[in-house]
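J.: In case you want the letters, here they are:
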Amino acid sequence: MPAHDVLIIGAGLAGQRAALAAAEKGASVAIMSKVHPVRSHSVAAAGGINAAISVDDDWHSHAYDTVKGSDFLGDQDAIEVMCSEAPAEVMDLEHMGVTFHRNDKGEMDLRAFGGASMKRTAYVADITGQALLHVLYEQLLKHHETVARYEEWFTTSLLRDDAGNCCGAIARDVRSGQMEAFTAKNVILACGGAGQAYKPTTNGLIVTGDGIAMAYRAGAPLMDMEMVQYHPTCLVETGILITEGARGEGAHLLNANGERFMEKSAPNKMELASRDVVSRAEQIEINEGRGVGPNGAGIYLDITVVPRKRTLEALREIVNLGKDFAGVDITREPITIRPGQHYIMGGVKTDVDGRTPIDGLYAAGEVACVSVHGGNRLGANSLLDTLIFGRRSGEHAAARAASMGMPSVDANAQLLEDAARIDSIIARPREGRRVSEIKNELGETMNRSAAVFRDEAGLQAALETIARLREEADNAWIDDRGTVFNQDVLGAIELGYMVDCAETTVVAALERKESRGAQFRTDFPERNDGEWLKHIDITLGGDGAAGGPQVSYSPVTITQWEPEERKY
Amino acid sequence: MAEVHDRPPEQFTLKLRRYDPESGGAPYWDEHTIELEPHRSVLEAILQARDRFDGSIGIRCSCRQAICGSCGIRVNGEPALACHTHLDAAKLSAENGVIEIEPMGNMPVIKDLIVDMDAVHWKKIQRVTPWLLAKQPVPEREYLVSKEAMVDVTQTMACIQCGACVSDCLAMEVDPGFIGPAALAKAYRFVGDPRDDEQFERLNDLAQDPQGIFDCTHCFKCVQACPKDVNPMGQIMRLRRIAIGDHHIVDQNNGERHEAAVTGLIRNYGLLHEAEMIPRSYGGNSWFAKFTPAAGKELLSSLPVIIKGVLRGKMNPKIAIFGHKIPSADLKAVQAIYDKIESRPERYELNLYIAGEDEETAPVAAAVAAGTSADGGETPDAGETPNAPTSPEGSANQ
Numbered sequence: 001m002p003a004h005d006v007l008i009i010g011a012g013l014a015g016q017r018a019a020l021a022a023a024e025k026g027a028s029v030a031i032m033s034k035v036h037p038v039r040s041h042s043v044a045a046a047g048g049i050n051a052a053i054s055v056d057d058d059w060h061s062h063a064y065d066t067v068k069g070s071d072f073l074g075d076q077d078a079i080e081v082m083c084s085e086a087p088a089e090v091m092d093l094e095h096m097g098v099t100f101h102r103n104d105k106g107e108m109d110l111r112a113f114g115g116a117s118m119k120r121t122a123y124v125a126d127i128t129g130q131a132l133l134h135v136l137y138e139q140l141l142k143h144h145e146t147v148a149r150y151e152e153w154f155t156t157s158l159l160r161d162d163a164g165n166c167c168g169a170i171a172r173d174v175r176s177g178q179m180e181a182f183t184a185k186n187v188i189l190a191c192g193g194a195g196q197a198y199k200p201t202t203n204g205l206i207v208t209g210d211g212i213a214m215a216y217r218a219g220a221p222l223m224d225m226e227m228v229q230y231h232p233t234c235l236v237e238t239g240i241l242i243t244e245g246a247r248g249e250g251a252h253l254l255n256a257n258g259e260r261f262m263e264k265s266a267p268n269k270m271e272l273a274s275r276d277v278v279s280r281a282e283q284i285e286i287n288e289g290r291g292v293g294p295n296g297a298g299i300y301l302d303i304t305v306v307p308r309k310r311t312l313e314a315l316r317e318i319v320n321l322g323k324d325f326a327g328v329d330i331t332r333e334p335i336t337i338r339p340g341q342h343y344i345m346g347g348v349k350t351d352v353d354g355r356t357p358i359d360g361l362y363a364a365g366e367v368a369c370v371s372v373h374g375g376n377r378l379g380a381n382s383l384l385d386t387l388i389f390g391r392r393s394g395e396h397a398a399a400r401a402a403s404m405g406m407p408s409v410d411a412n413a414q415l416l417e418d419a420a421r422i423d424s425i426i427a428r429p430r431e432g433r434r435v436s437e438i439k440n441e442l443g444e445t446m447n448r449s450a451a452v453f454r455d456e457a458g459l460q461a462a463l464e465t466i467a468r469l470r471e472e473a474d475n476a477w478i479d480d481r482g483t484v485f486n487q488d489v490l491g492a493i494e495l496g497y498m499v500d501c502a503e504t505t506v507v508a509a510l511e512r513k514e515s516r517g518a519q520f521r522t523d524f525p526e527r528n529d530g531e532w533l534k535h536i537d538i539t540l541g542g543d544g545a546a547g548g549p550q551v552s553y554s555p556v557t558i559t560q561w562e563p564e565e566r567k568y
Numbered sequence: 569m570a571e572v573h574d575r576p577p578e579q580f581t582l583k584l585r586r587y588d589p590e591s592g593g594a595p596y597w598d599e600h601t602i603e604l605e606p607h608r609s610v611l612e613a614i615l616q617a618r619d620r621f622d623g624s625i626g627i628r629c630s631c632r633q634a635i636c637g638s639c640g641i642r643v644n645g646e647p648a649l650a651c652h653t654h655l656d657a658a659k660l661s662a663e664n665g666v667i668e669i670e671p672m673g674n675m676p677v678i679k680d681l682i683v684d685m686d687a688v689h690w691k692k693i694q695r696v697t698p699w700l701l702a703k704q705p706v707p708e709r710e711y712l713v714s715k716e717a718m719v720d721v722t723q724t725m726a727c728i729q730c731g732a733c734v735s736d737c738l739a740m741e742v743d744p745g746f747i748g749p750a751a752l753a754k755a756y757r758f759v760g761d762p763r764d765d766e767q768f769e770r771l772n773d774l775a776q777d778p779q780g781i782f783d784c785t786h787c788f789k790c791v792q793a794c795p796k797d798v799n800p801m802g803q804i805m806r807l808r809r810i811a812i813g814d815h816h817i818v819d820q821n822n823g824e825r826h827e828a829a830v831t832g833l834i835r836n837y838g839l840l841h842e843a844e845m846i847p848r849s850y851g852g853n854s855w856f857a858k859f860t861p862a863a864g865k866e867l868l869s870s871l872p873v874i875i876k877g878v879l880r881g882k883m884n885p886k887i888a889i890f891g892h893k894i895p896s897a898d899l900k901a902v903q904a905i906y907d908k909i910e911s912r913p914e915r916y917e918l919n920l921y922i923a924g925e926d927e928e929t930a931p932v933a934a935a936v937a938a939g940t941s942a943d944g945g946e947t948p949d950a951g952e953t954p955n956a957p958t959s960p961e962g963s964a965n966q
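Protein chains in written order, with the numbering used here: chain P, 1 to 568; chain H, 569 to 966.
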């Protein structure tokens, strides 16, 4: 049975950063991912990473923008940590080899981004996430002697000892089908969000809420699950993302009358208001009949106002996306977009060192909720979140590991249980529904009822649908009977993870009877600080799935910035 | 929210090459007909077949937007990303309108469309010391480097490690040990990075390795295969130019001598002088090269090929031995090109990745074009018209 000081599940930016940090502190580290690390969805982050590195900037300004962006639901102590450590982190990455775009003086160039009071987004063309991810992977290859890599291993459950501490995980080698128990003094979840619970979504097919669901099932509380970000600029048909960098470079949003409608809701920041504000404004235009394109379901993003040379150099990826996925030359004509599910602010509740309330279990990145994003994440803060809290989790877990012995745990029963669960899925008779049908209905339900605008009736209906889909998912059948690369059976397990994420999202959205950040309740259209300036925590009831989600609250930490009206 | 369609859905038939390693059977073909709008991707078609008809179809995929690099396959025999290939285009290039889908080449197949990239691609990546060997001391803030240099290495940074270039590398087919296009492009990412401290060591290593930069045969397959315009072959050529031009590395593979032989012969004769090429490539760039043992040995071992070439009429013995004659005005024109290029203070590189120059306002592109057309010569091939050569690359090599 492999045993490590720190076992990291997920090998995107948070996971790889955690691995490097833990290894640097002398821990024995394993990093495990269901896909090859460079396929992780961090790769798709385009626009950049925020840090107050300009001599004219101050991390307090970055922190305030983040607090305001969060609609005052973000925990200010955590935001202070993230923003104050950002400049050093970005410099570290530059030293590792990230090819950040330069200005004429040879310093890192910075671009404007939504919700930010000045230019503070460092970038590599519009492949920032890819550049960061690939450079971190270069470092993993460099440190191959201290970081064991389990690439294409799928985690099926977390291990806990009798005292309730997390002490490892059960996983399946996707390639061979072999099941294995991994002992670890600490486990860091770094396996991303749950975007595939929505359809359409900007997220990759692998983003299925695995870590959130596994932690929830192990008893960890989830926080801010109602806060789901709709990105303002996604291709209408496929949901593919057009980076906020486009608006950062000056692109306009236009309705069917050719008006820059952002004047109405954000007269100062216009297109660069925070994402929840822009997505809502767009949805209002569409709902009120001023949309463009077939069925009036879209909005024009006009990038032609950006100098063509600049677009080709700094927004190259979306030039290609426009051409390849929408047949539009964005340097010559506007492209039709709409809001689309992009990110979940919520996740496994952690402190600023990534610790969950379960000893030995950490979480970092989109899987976690520190909470630095609160009700709405600012663009280019997600890469920062993954790196800062990935690193801090790795460091803290390594320190904890140094002070304890390897847990002795008999994982055999759980290993057999997980293996039996997989066998039983494979053996299911072809009755009921296919996994893909259920997944589609789940995604469409969430996109209808837990989207930009929500209300009690829609959410209640969604909750009932989800309950039915959960039953159907428990009996869904698959085709693949093999063991080698049986992606079919893994899809069935992922469906279960997504159902958990969807359910907790809807429960939390029903609970929060106000409008804040990404949560806009048409039946409670105002923000209500008196009653709802608090986090909603969701824990799985004592009886497991039968016990269902239990709601509790935790306070929002306010250090310097008292809630005020949010205007852009 | 209603889906928006530009064109109505059509039927497409996919012919998938399947392989089940557990069955003990050989690979087989499997056909499915799906319905999608013609501008949707081959990946979406495969996923529809998987969702509706057969969940056991194996393919790696995630982002659906050509950035994660998972879904490298062959479509109608050509390497591609499934998500980056439109159905209508795939149907157009298909025989009988049936889109043929296979796993990538040069790598062992694990199951269906899933190949073992660790065994080939990632092993080769590890061969090139794929991490920055940073110049010391590390500055407190960022390294100060030119904008052009960072934009330049971003072209190779843009590689998504999909393996499409590895799949159809002809040199690798003949010599599986060839480091190959993806890994050598990765090598350029460090060689071109002014923050890296070991440019010479990296280049010397890759030049001396018999399976290194001089193992590439310029077939352009990787350039065509790359979905991200990384231009792997172009990067290999740049590695050679920097190795030879800046570091004067003379390699044991005769790569440097061969290049000198070819360019020298063309300067002198206007066309290649076949009989001189082998001796000079092996014995050094002079008429006396043919009397060196290395050249003699190579000439002898090449005899069967030479004889076959003559017998099949591919070579005229007289011309091969005495060389081509071209009119002296033409020869002068050829030599003028040499003079022009060699007298430049900096080497121009054709970086087609950053097509960042507008036709109207293209100072660098204009300079390049003006420089070469002054002699009445052609503008260097700049690919499709909007792509202009840019980025004088000297700064990347300082």
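Keep in mind that the hints were calculated from the coordinates and are not lab data.
For glycine and all other residues, C-beta sits at the position ideal for the given N, C-alpha and C.
It is possible that some hints are incorrect.
Computed Cβ-Cβ distance ranges for the label pairs, DEER-style [stated by the list, open to error]:
1. H:PRO595 - P:GLY541: 48 to 54 Å
2. P:THR557 - H:PRO595: 55 to 61 Å
3. P:THR557 - H:PHE788: 54 to 60 Å
4. H:LEU867 - P:ASN103: 28 to 34 Å
5. P:ASP523 - H:ARG575: 37 to 43 Å
6. P:ASP423 - H:GLN694: 35 to 41 Å
7. H:GLN704 - P:THR559: 38 to 44 Å
J.: Next, verify each hint and record whether it holds.
T.: Status of the hints after comparison with the structure:
1. H:PRO595 - P:GLY541: 48 to 54 Å: Holds: the Cβ-Cβ distance is about 50 Å, inside 48 to 54 Å.
2. P:THR557 - H:PRO595: 55 to 61 Å: Given range 55 to 61 Å: holds, Cβ gap about 59 Å.
3. P:THR557 - H:PHE788: 54 to 60 Å: Check passed, 59 Å falls within 54 to 60 Å.
4. H:LEU867 - P:ASN103: 28 to 34 Å: violated, 56 Å
5. P:ASP523 - H:ARG575: 37 to 43 Å: Because 40 Å falls inside the window, the suggested range holds.
6. P:ASP423 - H:GLN694: 35 to 41 Å: holds, 36 Å
7. H:GLN704 - P:THR559: 38 to 44 Å: holds, 39 Å
The earlier numbered hint that this structure contradicts is number 4, and it is the only one.
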